[in-house]
Amino acid sequence: MQPILKMINITKTFPGVVANRNVNLEVYHGEIHALLGENGAGKSTLMNVLYGLYQADSGEIYFEGKRVNFESAKDAIRAGIGMIHQHFMLIPVHTVLDNIIMGLPGDRGIFYDRALHRERVLEIAHRYGLEIDPDAYVQDLSVGAQQRVEIVKALYRKAKLLIMDEPTAVLTPQEVKELFSTLKKLSQEGMSIILITHKLNEVLEVADRVTVLRDGQVIKTLNTKDADEKLLAQLMVGREVNFVPAKSPCQPGPVVLEIKDLVVKNQRGITALNGLSLTVRGGEILGIAGVDGNGQTELAEAIAGLIKPVAGTILLNGEPIVGKKPRVITEKGLGHIPEDRHKRGLVLDFTLSENIILQSYYCEPWCGKFGFLNLNSIKSMAQELLEKYKVKAPHSEVAARTLSGGNQQKVVVAREISRRPKLLLAVQPTRGVDVGAIEYIHEQIIKERERGAAVLLISTELSEILALSDRIAVIYKGQIMGEMTNDNPDINEIGLMMAGIRKKKEAS
Amino acid sequence: KNEEPKKEGEAKKYKIALVLPGPINDQGWNATAYAGLQLVKKDLGIDMEYIENVQQADFEATLRDYGEKGYDLVFAHGVQFTDAVNKVAPQYPKTFFMVINSDQGKAPNIGGIGIREWEGGYVAGTIAGLITKTKKLGAIGSFPFPVIKGTLDAFENAAKAVDPSIKVMKTYVNSWEDIQKGKETALAMAENGADVLFCSANQVGLGSIEAAKMKGVKAIGYIAPQNEVAPGTVVASVLYKTPNLFKWVVEQFIAGKLEPKGYSQGWAEGVLEMDWTDEVPQEVKDKVNAVIEDLKAGKIAPPKP
Amino acid sequence: MEQIFTLGFFITLLAATIRLSVPILLAALGGMFSERSGVINIGLEGMMLIGALFGVIGSYVTGSPWIGILFAIGGGILLALIHAYMTVSLGVDHVVTGIAVNILSVGLTSFIFRAMFGITTTPVKVNAFKPLAIPGLKDLPLIGPILFQQNILVYLAFLLVPLASLILYRTSWGLAIRTVGEHPKAADTVGINVVKIRYLCVLLSGIFAGVAGAFLSLGQFNMFVDNMVSGRGFIAVAAVIFGKWKPSGILAASLIFGLADALQIRLQAVGTGIPYQVFLMLPYIVTVIAMSGLVGKTTAPAALGKSYEKN
Amino acid sequence: MKKDLLLINLVVPILAILAALVLGAILLLFINVNPLEAYSVLLFGNLTSLYGISEILVKAVPIIMTGLAFTFAYRTGLFNIGAEGQMYVGAIAAVVVGLKLGHLSPFLAIPLSLLAALIAGGIWGGIPGLLKAVFGSSEIIITIMLNYVAVYLLSYLVDKPLREKSGFYPQTDMIGENAFLPVLIPNTRLHLGFLIALLFVVLVYIILWRTKLGFELRAVGLNLHAAEYAGIDVRTKMFLALALSGALAGVAGFTEVGGIHHRLLDNFSKGVGFDGIAVALLGQATPFGVVLASLLFGLLQVGANSMQRSVGVPANIVYIIQGLIILFLLGGTILARRYQKKKAKGVA
Ligand SMILES: Nc1ncnc2c1ncn2[C@@H]1O[C@H](COP(=O)(O)OP(=O)(O)OP(=O)(O)O)[C@@H](O)[C@H]1O
Ligand SMILES: Nc1ncnc2c1ncn2[C@@H]1O[C@H](COP(=O)(O)OP(=O)(O)OP(=O)(O)O)[C@@H](O)[C@H]1O
Ligand SMILES: [Mg+2]
Ligand SMILES: [Mg+2]
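Residue numbers (the working numbering), protein chains in the order written: chain F, 1 to 508; chain G, 1 to 305; chain U, 1 to 311; chain X, 1 to 348.
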């Protein structure tokens with residue numbers, strides 16, 4: 001069979017980084033081809049080159065047998081390539097329909113026939129079982145619904161080759177299943193699909209073939225029926241991977257965090273937490289599993305005092321902290337690794353030392369009596385911390401922006417842990433960082449628990465929850481669906497709870 | 001004492017400068033001074049230098065620079081230069097500083113010369129008072145500077161002298177250049193019943209003439225010959241022969257007759273002049289000319305400040 | 001005092017409001033397109049000024065005010081190109097660029113004007129737009145002669161409001177513009193040429209501002225005088241924000257500015273004994289109050305003022 | 001690396017200024033002025049005499065202050081377009097104090113009028129700050145609007161309540177001599193305001209980069225959400241930043257009336273507020289950069305006057321050259337950075 005896509009010897013460099021080095025990739029008609037690789041392996045870059053967003057430094061691309069040279073996404077779209085990006089490319093303030101038709105030419109001259117588009121969109125949505133409301137605003141949609149919009153957007157452009165960059169990271173296991181059945185249906189109709197993921201089981205489940213990238217190079221392309229998880233992991237990382245970090249048995253101490261009937265509305269006034277209750281003791285890790293967008297952000301922000309709950313109580317070491325300012329809560333012993341290091345965790349244009357004192361800049365010894373900063377002691381402390389936490393950086397006075405994502409995250413972790421918190425609130429602590437950094441951060445979190453701190457771990461990566469937690473709670477639509485201890489938990493049950501289906505009540 | 005007059009043949013060696021607070025194409029105050037500079041060149045053969053658009057903060061430095069370079073005569077075009085001249089002049093005794101529109105001089109080297117602008121406003125007011133039918137007039141000023149305010153007040157006094165029942169609307173627009181504001185202000189006055197409009201605010205006046213044209217009411221030109229700006233609308237212009245004033249000063253200076261005192265000129269000295277159109281009946285012209293004669297003879301008092 | 005608030009007063013007030021709001025409306029509509037695509041345009045003042053001059057030059061050279069408008073558009077485009085190149089192609093801070101454009105334009109207009117017409121004490125007059133009565137409407141009692149005998153640019157300006165709405169919300173261009181202003185990268189991924197759209201929108205703002213300037217020089221007058229725009233461009237920038245980046249909002253904002261100005265002029269002319277400066281302040285104070293209480297928080301296009309570098 | 005910095009910080013500015021001058025030269029030739037002669041006056045004419053240099057410094061003083069004002073707010077992520085108005089109200093306050101207390105010892109009169117200017121400018125900047133903090137109103141609009149209000153307020157005050165005793169010109173009486181800012185070099189106009197401005201340069205630098213307040217303001221400016229996370233009260237800081245920014249601009253009014261005019265006049269020092277925005281951004285929003293850019297502006301503006309006087313170049317060409325210099329400086333820096341990036345990539 002003739003491949004629909006052939007990428008030959010693609011090389012793409014960024015200043016100081018070779019993101020792709022002589023990459024070869026072939027994709028056949030009707031094939032689901034997985035692209036596997038660690039963070040920073042160059043998967044997104046390769047796809048962006050294919051999609052015309054980046055220009056390769058060298059190499060050739062053949063699509064449907066013809067040599068192509070896409071100068072912009074427009075060319076790629078016209079040729080029949082669709083791409084769903086790692087970060088959704090949707091406009092929150094536009095309607096679903098507008099998001100789907102944006103970039104398309106007008107129907108009568110420059111005017112759109114919205115009624116016609118609406119009809120066609122719904123038709124496609126029905127055909128593939130992708131339920132969407134064309135008139136809803138994207139900002140009001142769940143992440144899963146947003147992804148459906150992205151898929152319809154690509155299908156609507158009559159894509160023959162669909163690229164999906166980490167589509168499952170934000171879905172429930174059930175939604176993943178649905179997505180995969182959609183993908184299979186599409187491939188049976190002749191659509192070719194490139195699926196990027198870190199998740200080995202998904203590759204084995206849905207893909208026909210898989211190409212593994214490491215450090216910008218192709219390590220191997222193989223048929224999934226010839227592969228297993230262990231092999232793939234080894235190809236991906238280049239060594240054996242320690243999937244589960246070692247930890248000692250749990251010795252819970254007194255209750256550190258107690259949340260009762262917490263109700264929180266998000267910025268747009270929608271109820272995000274709806275009577276949530278939980279407790280965390282010293283020396284234990286409570287893992288909150290759940291699909292993104294079920295109130296995790298709001299839970300963390302409410303604990304940290306960044307949003308004000310509508311009702312309910314939060315006790316930190318027995319003291320109520322609802323309505324207290326973030327600073328007060330921090331001083332009472334909260335360490336907070338925020339969900340989004342770029343949004344909250346770091347001031348990217350601050351130096352590393354400035355970022356390291358972000359929570360304590362006003363305290364002695366960093367700040368003297370008259371409000372002057374003590375730059376020398378800040379610098380030496382920062383330098384020390386960077387070494388201790390193995391942050392790869394030339395020195396403490398470079399901007400945080402210049403560090404890789406993993407090292408940026410290490411800075412945040414170092415800052416929060418070095419303050420020896422009584423409660424460590426870790427939200428997506430390893431999102432988008434590479435395996436080495438993940439291992440390291442996990443170690444640090446476990447160390448905190450061993451020191452006696454209470455740890456509330458919120459993560460959408462079930463594997464992370466399973467690897468670290470002593471107890472697991474599942475959050476769904478702003479409520480805790482159920483709780484269980486982490487010895488041989490029923491993964492299937494967790495999956496169902498993540499989808500909002502409650503089987504048993506109360507475990508503990 | 002001043003320098004002794006030079007010999008006739010050396011007249012061209014005089015270094016004379018003109019310092020202007022605004023751009024020379026403002027169609028008003030600065031433009032007439034620039035015309036004066038050209039007249040001096042044409043009639044006396046003397047090349048005057050000029051600097052335009054000098055900001056308040058630069059007055060002193062600019063005057064000082066001319067003093068430093070040994071200029072003989074420096075015109076400072078506006079009473080706002082008074083402070084700066086008072087500060088700078090004592091350091092440059094060889095330079096004579098002439099402040100336009102100032103009525104004061106100070107020995108040995110500061111003089112002032114002004115046009116009695118109120119006399120212009122008075123005549124305009126007389127004309128307006130004589131031709132109004134609605135007994136309502138509009139007068140627009142830029143800023144309530146003494147000269148402008150005096151002009152507007154004189155305009156009102158004159159109109160009331162014709163007919164005490166006449167009402168005058170007076171407005172300031174706080175601009176020399178916002179022509180649209182001038183127009184809208186004039187329109188508002190016309191809509192409020194004014195049938196003769198008068199404006200002392202450089203370019204803004206063009207706006208009021210435009211408004212008069214639109215509303216079919218009359219306007220009185222001011223400073224520049226504006227009868228042709230809107231024929232049929234502008235019935236007469238009160239002209240400023242400012243160029244003559246410059247020429248007069250330069251002549252006096254060359255003759256060694258310029259004294260460190262305040263001069264003022266008006267109808268009597270020929271610095272103000274009428275430019276009529278046929279729109280004005282002869283009897284009105286006669287009455288106005290009689291008023292001008294009274295002004296020349298000093299029989300009319302300036303408005304109270 | 002009491003006799004001033006007559007029916008006639010309100011009608012003439014309305015007419016003045018319309019005239020005073022037109023230049024602001026025109027420039028602000030252009031500014032809206034620019035800002036909707038993500039480019040702050042604080043150079044509207046300069047673009048209006050050059051439009052005012054070029055309009056007069058065009059009419060002077062050809063005798064036709066319509067060709068004057070074309071010249072004005074050309075002048076606006078000239079400055080807009082500079083703004084677009086600096087902000088879109090180079091990613092220079094939008095605010096400084098706009099300020100530089102304004103400074104440049106003050107010098108350029110004065111220079112060109114003197115070079116062409118010399119220094120005069122009476123203005124050079126050119127052919128301008130004549131009032132155009134709308135048959136039928138002009139015969140309406142009371143308001144007809146006042147509201148429907150404006151020059152054609154006035155009608156045009158108000159027609160542009162629904163047209164701008166139509167373009168922004170109903171067409172492929174409008175959707176592309178809004179997408180670029182919210183999320184240029186997303187626009188890129190669906191094949192919208194971000195650079196092209198931003199250039200077009202900035203040029204559009206130049207065109208609109210040019211016409212706004214020509215409205216002053218050829219619609220309200222038949223001449224150019226130095227600095228005749230007198231801050232209306234800055235008010236237009238304010239109107240864009242005040243109007244929440246929407247054509248209808250901008251219409252309302254422009255009318256409010258126009259009304260406040262028309263009202264203060266009238267009150268001043270009547271002579272109330274209140275210092276005239278208080279009236280001059282009125283439009284600006286009204287805006288401050290409106291911005292704080294009534295309009296409150298406005299959400300700008302998400303990518304406003306941010307440059308986009310593709311790679 | 002050193003070489004690269006040299007390129008951006010030295011070569012580019014020189015090339016940018018040269019390019020702007022070349023374009024200006026075409027216009028000069030057009031009106032029959034010898035560009036070389038004009039430019040030698042523009043750029044160097046005032047550098048040959050103490051008086052000329054002092055005039056450049058005098059010119060730079062208020063621009064430094066409005067530039068600092070813009071910088072201060074900008075570092076907090078806010079655009080203060082209102083330095084012009086804040087300068088006017090600062091001047092009003094300084095003059096009122098100078099009129100009432102000008103007979104006191106200079107050691108009282110001067111600091112008191114400085115304080116008054118700081119407070120008045122602070123209030124004028126605090127209004128948009130408050131509205132921003134409470135309602136989220138755009139500080140850009142409010143500051144633009146308040147500029148106009150300040151202009152008319154000044155106009156009213158000199159027209160009516162503060163008009164000079166003779167009632168003649170719309171200006172106030174001279175402030176008491178003890179409130180005059182002393183001249184630093186005899187026979188020049190260089191006044192104490194220059195040192196005061198430099199003091200504020202250092203002060204702003206220290207506040208922004210050496211104190212906890214500055215840490216907080218910059219954090220808000222660079223990442224509002226992270227600042228919130230760090231326990232910084234974002235709204236208060238925004239208010240504070242605009243109020244302090246206004247206070248700095250108020251000082252510009254103080255130096256102008258205390259050092260130059262010695263009384264309040266309508267429309268004094270027009271445009272200095274906008275110059276401040278340009279120098280702040282040219283100076284990359286650093287206090288030291290502001291000084292350099294202000295000196296450049298001072299040189300150009302004083303040189304422009306000289307050029308007009310001695311060569312007869314009309315003022316409008318100066319505006320053109322000034323506009324072009326800003327554009328070329330900013331554009332040139334970016335083009336140079338791009339060029340460097342490309343080179344770096346070539347190496348990798
Ligand atoms: N715009 C850019 N500028 C500079 N470097 C970049 C840019 N985009 C990616 N890189 C670098 O190129 C390398 C490959 O990045 P890429 O995003 O393709 O990785 P990835 O395999 O998609 O990783 P992930 O799993 O995190 O999505 C990384 O080292 C990254 O830091
Ligand atoms: N070496 C580099 N030089 C310049 N930019 C870089 C470099 N490395 C990464 N970046 C940019 O910084 C951003 C963050 O990098 P990285 O992917 O490591 O973090 P991340 O949090 O995983 O982001 P994402 O969630 O997009 O995967 C990327 O979008 C990339 O464009
Ligand atoms: Mg990726
Ligand atoms: Mg990543």
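FYI, nobody ran anything at the bench for these hints, they're computed from the structure.
Careful, some of the hints might be misleading.
[Claimed, not checked] Calculated cross-link-like contacts (lysine to aspartate or glutamate; reagent style DMTMM-like; alpha-carbon spacing at most 25 Å): (1) X:Lys212 <-> F:Glu364; (2) G:Lys13 <-> G:Glu251; (3) X:Lys342 <-> F:Glu131; (4) G:Lys94 <-> G:Glu68; (5) F:Lys447 <-> F:Glu493; (6) X:Lys343 <-> F:Asp292; (7) X:Lys343 <-> F:Glu364; (8) F:Lys158 <-> F:Asp292; (9) G:Lys304 <-> G:Glu68; (10) G:Lys160 <-> G:Asp286; (11) U:Lys196 <-> F:Asp107; (12) U:Lys310 <-> F:Asp57; (13) F:Lys477 <-> F:Glu131; (14) U:Lys185 <-> U:Glu309; (15) U:Lys310 <-> F:Glu131; (16) U:Lys246 <-> F:Glu60; (17) F:Lys184 <-> F:Asp140; (18) F:Lys265 <-> F:Glu229; (19) U:Lys306 <-> F:Asp113; (20) U:Lys306 <-> F:Glu71; (21) U:Lys196 <-> F:Glu71; (22) G:Lys106 <-> G:Glu279; (23) G:Lys304 <-> X:Asp173; (24) G:Lys167 <-> G:Glu279; (25) F:Lys265 <-> F:Asp140; (26) F:Lys230 <-> F:Glu189; (27) U:Lys185 <-> F:Asp349; (28) G:Lys15 <-> X:Glu37; (29) X:Lys342 <-> F:Asp487; (30) G:Lys106 <-> X:Glu37.
Hint check results:
no.: 1; hint: X:Lys212 <-> F:Glu364; verdict: 11 Å, holds
no.: 2; hint: G:Lys13 <-> G:Glu251; verdict: 14 Å, holds
no.: 3; hint: X:Lys342 <-> F:Glu131; verdict: 46 Å, violated
no.: 4; hint: G:Lys94 <-> G:Glu68; verdict: 10 Å, holds
no.: 5; hint: F:Lys447 <-> F:Glu493; verdict: 29 Å, violated
no.: 6; hint: X:Lys343 <-> F:Asp292; verdict: 42 Å, violated
no.: 7; hint: X:Lys343 <-> F:Glu364; verdict: 45 Å, violated
no.: 8; hint: F:Lys158 <-> F:Asp292; verdict: 29 Å, violated
no.: 9; hint: G:Lys304 <-> G:Glu68; verdict: 40 Å, violated
no.: 10; hint: G:Lys160 <-> G:Asp286; verdict: 18 Å, holds
no.: 11; hint: U:Lys196 <-> F:Asp107; verdict: 21 Å, holds
no.: 12; hint: U:Lys310 <-> F:Asp57; verdict: 15 Å, holds
no.: 13; hint: F:Lys477 <-> F:Glu131; verdict: 19 Å, holds
no.: 14; hint: U:Lys185 <-> U:Glu309; verdict: 9 Å, holds
no.: 15; hint: U:Lys310 <-> F:Glu131; verdict: 33 Å, violated
no.: 16; hint: U:Lys246 <-> F:Glu60; verdict: 46 Å, violated
no.: 17; hint: F:Lys184 <-> F:Asp140; verdict: 29 Å, violated
no.: 18; hint: F:Lys265 <-> F:Glu229; verdict: 41 Å, violated
no.: 19; hint: U:Lys306 <-> F:Asp113; verdict: 32 Å, violated
no.: 20; hint: U:Lys306 <-> F:Glu71; verdict: 23 Å, holds
no.: 21; hint: U:Lys196 <-> F:Glu71; verdict: 14 Å, holds
no.: 22; hint: G:Lys106 <-> G:Glu279; verdict: 46 Å, violated
no.: 23; hint: G:Lys304 <-> X:Asp173; verdict: 21 Å, holds
no.: 24; hint: G:Lys167 <-> G:Glu279; verdict: 23 Å, holds
no.: 25; hint: F:Lys265 <-> F:Asp140; verdict: 13 Å, holds
no.: 26; hint: F:Lys230 <-> F:Glu189; verdict: 32 Å, violated
no.: 27; hint: U:Lys185 <-> F:Asp349; verdict: 22 Å, holds
no.: 28; hint: G:Lys15 <-> X:Glu37; verdict: 20 Å, holds
no.: 29; hint: X:Lys342 <-> F:Asp487; verdict: 55 Å, violated
no.: 30; hint: G:Lys106 <-> X:Glu37; verdict: 37 Å, violated
Hints 3, 5, 6, 7, 8, 9, 15, 16, 17, 18, 19, 22, 26, 29 and 30, counting from the list given before, are not met by this structure.
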